Amino acid sequence: LNVALRQQLDLYVCLRPVRYYEGTPSPVKQPELTDMVIFRENAEDIYAGIEWKAGSAEADKVIKFLREEMGVSKIRFPEQCGIGVKPCSEEGTKRLVRAAIEYAITNDRDSVTLVHKGNIMKFTEGAFKDWGYQLAREEFGGELIDGGPWVKIKNPNTGKEIVVKDVIADAFLQQILLRPAEYDVIACMN
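Counting in the UniProt record's numbering, the sequence shown runs from 1 upward without gaps.
Hints listed in this document are in silico derivations from the structure and should not be mistaken for laboratory results. From a predicted model like this one, the values you see are computed outputs, not experimental measurements. Backbone N, C-alpha and C fix where the C-beta goes; we use that ideal spot for every residue, glycine too. Certain hints may be false.
To be verified - Cut-off 25 angstroms, straight-line C-alpha distance, at most; resulting in silico cross-link-like pairs (SDA-like, lysine to any residue):
hint, residue 1, residue 2
1, 61, 46
2, 64, 48
3, 86, 58
4, 53, 83
Unchecked claim - Just the calculated beta-carbon pair ranges, DEER-fashion:
hint, residue 1, residue 2, range
5, 146, 54, 45 to 51 angstroms
6, 26, 99, 26 to 32 angstroms
7, 173, 55, 29 to 35 angstroms
8, 182, 70, 36 to 42 angstroms
9, 154, 54, 49 to 55 angstroms
Between the sequences and the hints, there should be enough to build the whole structure, so can you do that?
Laid out in structure tokens, this is it:
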């Protein structure tokens, strides 16, 4: 029911504030520096729910199509393999990143970080990163920092600079434990 409502109502942002509460045990070196807000894609990517069970006629049909029509040879165990589709659109990406940047402006935050796996999934996660930077430049007047790709935006309410940057998901997961203060507003797929 939860997923059906989210899809029907197009609730595309999963908004997750993350902060430390004093006195709570934590493995983080300086947990009091943790204060971030995560904007996670809630309608596209794996949340689109496009998948077929291993061994089903539908999964077999998709695997056959991928192998025979698209020349895909990277499915290691095709005989018993579930298949899912990971849609990532320019429109979906831009509305999520727009919401994150608008939040950063309204709440006077220091940065927006695009978290992705673009090093592996160039045409979905990599496109997410590229479209996010494009939006920051075109809609918010972002200027490249040292030739890019990082961008700086001037907060129209305070005049303060907001940095739009990116990080690969693996590095992000390590860095939020070691250097949580470097992350403020996060925009990511699933």
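Results of checking the hints against the structure:
no., hint, in the structure
1, 61 x 46, "holds (20 angstroms)"
2, 64 x 48, "holds (22 angstroms)"
3, 86 x 58, "holds (16 angstroms)"
4, 53 x 83, "holds (7 angstroms)"
5, 146 x 54: 45 to 51 angstroms, "holds (47 angstroms)"
6, 26 x 99: 26 to 32 angstroms, "holds (29 angstroms)"
7, 173 x 55: 29 to 35 angstroms, "holds (33 angstroms)"
8, 182 x 70: 36 to 42 angstroms, "holds (40 angstroms)"
9, 154 x 54: 49 to 55 angstroms, "holds (51 angstroms)"
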